[in-house]
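Residue numbers (our numbering), protein chains in the order written: chain A, 1 to 155; chain B, 1 to 291.
Since the hints were derived computationally from the structure, they do not count as laboratory data. Cβ coordinates follow ideal geometry from the N, Cα and C atoms, glycine included. A couple of the hints might just be wrong.
Under the rule of at most 35 angstroms between Cα atoms (straight-line distance), these lysine-lysine pairs were calculated in the DSBU-like manner [stated by the list, open to error]:
#1 103/A <-> 133/B
#2 103/A <-> 135/B
#3 39/A <-> 113/B
#4 153/A <-> 103/B
#5 140/A <-> 210/B
#6 124/A <-> 103/B
#7 113/B <-> 143/A
#8 143/A <-> 100/B
#9 103/A <-> 2/B
#10 39/A <-> 139/B
#11 133/B <-> 153/A
Each pair of labels, with its calculated beta carbon distance range [as the list claims (entries may be wrong)]:
#12 70/B <-> 126/A: 47 to 53 angstroms
#13 1/B <-> 116/A: 31 to 37 angstroms
#14 152/A <-> 268/B: 25 to 31 angstroms
Chain by chain, the residues:
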Amino acid sequence: MHEVANTPRGRGVLACIQCGRCTSSCPVARVVEEHNPRKLMEMIILGLRSDVLSGRLPWYCLSCFTCLDRCPQGGDVGEAMFAIRNLTVREGNIPDGILAQAKSLFENGRVVTAGRMALAQRVKHGLGNEPTVDVEAVQKILKRTHFDKLISKGK
Amino acid sequence: MKYAFFAGCLIPAREPHYENSVQKIAPELGIELVRMEGANCCAPFSIQSLDYTSWLALAARNLSIAEEMGLNIVTLCNDCYESLLMTNTVLKEDKKTRDKVNKILADVGLEFKGKTDVKIFSDVLYEDVGLEKVKNAVKRPFNGLRVAVQPGCHLSKPKRLHSIQWMGGTALDELVEATGVKSIPYERKEACCGGPLRGVNDEVALHVAKQKLDSIKSADVGCIVTVCPFCYLELDMGQIELKRRTKEEYNLPVLNFAELLRLAMGMDLEDWEVRAHRIPITKILGMVEAK
């Protein structure tokens, strides 16, 4: 539990009283039986490290923050999900879609880039090119935070 | 009213028609948008899921650029808004984290000083321009067209970060209704569109979107109006995907609020902008009152 609680976004797990309000307000829990934020908090409290970090559970969260506003303990479950995912990716558990965005960020300074058609459309209709990005500065920052090494752990 | 204009990644690349509507209405409302050259990705959900410090440093770099411009920052995207607003709040409140981030920013010749405010375009319209002025700019209102307003989560969640309570309050409905439409209450109005899970878990994303679309369909509205580029994509493209997979048809046009306001202000959308919508919006275009 402390591995999560000691991270800046994971402190909320210490406040969890297992009331289940997060699950009752979660839009994903309504459509995916396997996803249950309260249960995930319980697994963390019990210290079930490998079950928490190896599975799909933290990747069901939409980060819509409904649970965060509704937690009676100020437990910030939706924030803790980021803390869990941060630990999860250190085990190499990075979904393809996330990895693709991360690679684009490192290469282009943005997670989505305009295709040739969109660029032509922008210029034709007076919007100009995409705003420039200082990719060198982005890479400097991401090397310093070891983001480049982190994403090389992904598949 | 002058702002550092943070365009983000998604809108310039995938929704230039949305950006164009904002560029068309802004000068009419006394809003000046200054491009932020050199700025990077806001660091949304995907990047925040990977690494805390990288997120804060990238977002703080954008905030520092706006500070150097001496302007408040405005974004058109709910996700950029969440990332920048949350970073701004964390770094203003927590000196230790600010010092840590500033050590990283020093490498790229910047420093976060906490001198800019983060706004989303709806904040600017409601707070800085003001509802009355927006109403006065409407020259050809929609005549009571029934719409479903889709706020999008990060417009106002988590609540503690926001001065305007866009959800659970009437602010967004007031703003949208300034165009002469009627905002119809519907179930799951404040629920997520499902969009953040695109590329992570498409099945779940579509399932969440379907629940939302089912609710909207039963509210008997002419179209969906959103302020979020992710909700726009999810609800517009999502209908195409649902039709392909389940044969279910919704035929609910999705407009960004900036487009709706532009129409009501008396400016037509251009052909390429109309065509950018996957669910045809032509029936909505004809519903403004004659000039």
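| request: Give me the numbers of the hints this structure contradicts, sorted from smallest to largest. | output: 1, 2, 3, 5, 6, 10, 11, 12, 14
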